[in-house]
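Chemist: So the sequences go chain by chain: A and B. Residue numbering for the first sequence follows our numbering, starting at 1150 and increasing by one per position. Residue numbering for the second sequence follows our numbering, starting at 701 and increasing by one per position.
No wet-lab data here; the hints were simulated from the structure. Some hints could be false.
To be verified - Under 10 angstroms between C-beta atoms, here's a sample of chain A residues computed to sit facing chain B:
no., residue
1, 1157
2, 1214
3, 1241
4, 1287
5, 1302
6, 1304
7, 1309
For glycine and all other residues, C-beta sits at the position ideal for the given N, C-alpha and C.
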Amino acid sequence: MNLLFYISSFVAVAATIMAISRFHPVHALLYLVVSFLAAAMIFLSLGTPFIAVLEVIVYAGAIIVLFIFVVMMLNLGKDTALQEKNWLRPKVWAGPSLLVLILLVEMIVLLLNAQNAIMHVAVVDPRKVSLSLFGEYIIALELVGFLLMAGIVGAAHIGKQKKKILHRFLKEETMARVEI
Amino acid sequence: MNELQFEALLPFMVLAAASMTVILLIAFRMSHTVIQVAAFLMACSVILAMWYVKDTLPQTIPPLFVVDGFGALFTGMIIFSMMAVGLFSYVYFEEREENPKEYYILLFLATLGAAVLTISTHFISLFIGLEVLSVSLYALIAYLRNRNNAVESGMKYLVLAAVSSAFLLFGMALIYMETGSMEFERIAQSIKESSSSVLFNMGFGIMIVAIGFKLALVPFHLWAADVYQGAPAPVTAFIATVSKIGVFAVLLRFALSVNLQQYPLMITIFSVIAMASMIVGNLLALRQQNIKRLMGYSSIAHFGYLLVAFLPGNAAGVEAASFYLLAYSITLLAVFGVVSVLSTRMKDAEELAVYKGLFHRQPILTAVLTISLLSLAGIPLTAGFIAKFFILASGVQQNLWLPVLVLVITSVMGLYYYLRVVSTLFAAPSSATIAAKSLHPFFSVSTYLALIVMMLLLCWLGIFPGRAVEGIREFLLIR
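All chains, full assembly: derive it from the sequences and hints.
Modeler: This is how it looks when you write it as structure tokens:
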């Protein structure tokens, strides 16, 4: 199990670094998916399968796919990659990295000096979660449904385009006129 | 959940079902008129449901809700305000927006959120109710999406409300860390056992940010004027009444159940916020030429007054606050009703110049507006005076001299700008404008009737407040 943990942690760190440093947004997002999957693997190796599954479903499955869709719709091409390249200069990332390095050193010192302690972990399985969601908190769950409905109705209204009524003959006519 | 608990939730379920019904009506391509009438009938049925379950109260629905007299009183105020807003909306949106139907879905959902707030006894239901309310409000504020102001103010509200929700969650998390529970009752128990808890104070202090944002209290008031100006007039009325009633109700319930007023620190924080709101709100309103912005600033001041009734934390304070909210919401609905009736197709009637010499063109509207402005200023024989009197009485009982003094002084300052508007109404008319003929005679007449009823209510509450106070007291005793 320990080996599994180290391998997946290594993958997670490598994928995250790649996600930050890629210039093309889609490449970066793909690495981000890998990073989330690796995090899920870490949870699995620690013995919490439910959280691992949630990580895959919610982060990798839903949120990142949404991100990728938006990026595809925006159709970011080479220009953006060039812009990113311009932004990612050492001057920009040196400061934050230095500060993070301090934190890293701190953490390593703490880890080296640590005594072994037993963590009290209460395992929450899917059954418990769903029982409390659909048991005592059922009304809250239904209200969340209404919350989503409010969001959808609002977005649909504000995003609605004005309907253009163009008869196809009229359209051809205007096109022809443009050609002339 | 047994049958009685189910019954107690009936009004809220009817409210939720109403939004679904509106969706179905839209799906069947019903006209705006049909939807308006159906929405009105469904709001009536919510009230009927409340009347029907009144005798079975109080009911607790653990762990999230308690439906008691307090909740019923505030829910009633919310539903009545929503009905008035819906009535004003017909003529307003019929003329301005090619697509006015989704408005009613959002209106019902926002009302549902506010109503859930009034009965919640748990942080989860508090948060979800608040989110239902604010997500619907984002869309309602930006509903006239062709106007630049509307989209801008919608964005402003969205960003600030999202930040304030984050604060709220963080505060809840801190309190949960300290007490190990999110139910108000159990939080109260566990902080009673451990006397001074830094984490609880921190947590509630952070929650005040979110609550202060929703109520537009002073350090968190920057959105108020812009959003009031940019939102459509009926929606502004909705923000000013329904959303604030809901948030204030849940604040009051939380404070009562954890005995917040026994902590000197909390009293100090709320006194400072109250005094700052009264002073800053009134000062900013003094030179305002735009009536919607003026109402925004005056609402900041009025919630400062309301906090003075919140400070004592006893039965008299709760009664005073309930009466104040009742009088204030009727007044604001009347003011924004007049604004939305006078609005033209392109622009809301917000400049003070529009109102110059209104008396010579529209005597009825002028009478309504005058009475409601006098009530806001707190002139005797109107509801505003009695409401302020109750607040002063409850403050003086507890020897809260400083907030009470500030209240009196700032009320006098407030008189200046309310009377400035009133004097504009009766000035000589600038030019003779021809009144446009109304396209919807039935709804125009009913809007006028509603405005006149509100005016009479304001006078009645001002002259004979006894019946209303008794009613409020009766409701508050059901617990």
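Chemist: Should the hint that residue 1309 of chain A touches chain B count as held when the rule is a Cβ pair under 10 angstroms?
Modeler: Interface hint status for residue 1309 of chain A: holds (7 angstroms vs cutoff 10 angstroms).
Chemist: Using the nearest Cβ pair, does residue 1214 of chain A come within less than 10 angstroms of chain B?
Modeler: violated (23 angstroms)
Chemist: Was the hint right that residue 1287 of chain A lines chain B, CB cutoff 10 angstroms?
Modeler: Where the cut-off is 10 angstroms and the nearest Cβ of chain B is about 9 angstroms from residue 1287 of chain A, the hint holds.
Chemist: Please verify that hint: residue 1304 of chain A, Cβ, nearest Cβ of chain B, below 10 angstroms or not.
Modeler: holds (7 angstroms)
Chemist: Does the nearest C-beta of chain B fall within a distance shorter than 10 angstroms of the C-beta of residue 1302 of chain A?
Modeler: holds (5 angstroms)
Chemist: Closer than 10 angstroms between Cβ atoms is the bar; does residue 1241 of chain A clear it against chain B? Give me holds or violated.
Modeler: violated (25 angstroms)
Chemist: Can the hint on residue 1157 of chain A be confirmed by a CB-to-CB distance to chain B that is less than 10 angstroms?
Modeler: This interface hint is violated because 29 angstroms lies over the 10 angstroms limit.
In summary, the numbered hints that this structure violates are 1, 2 and 3.
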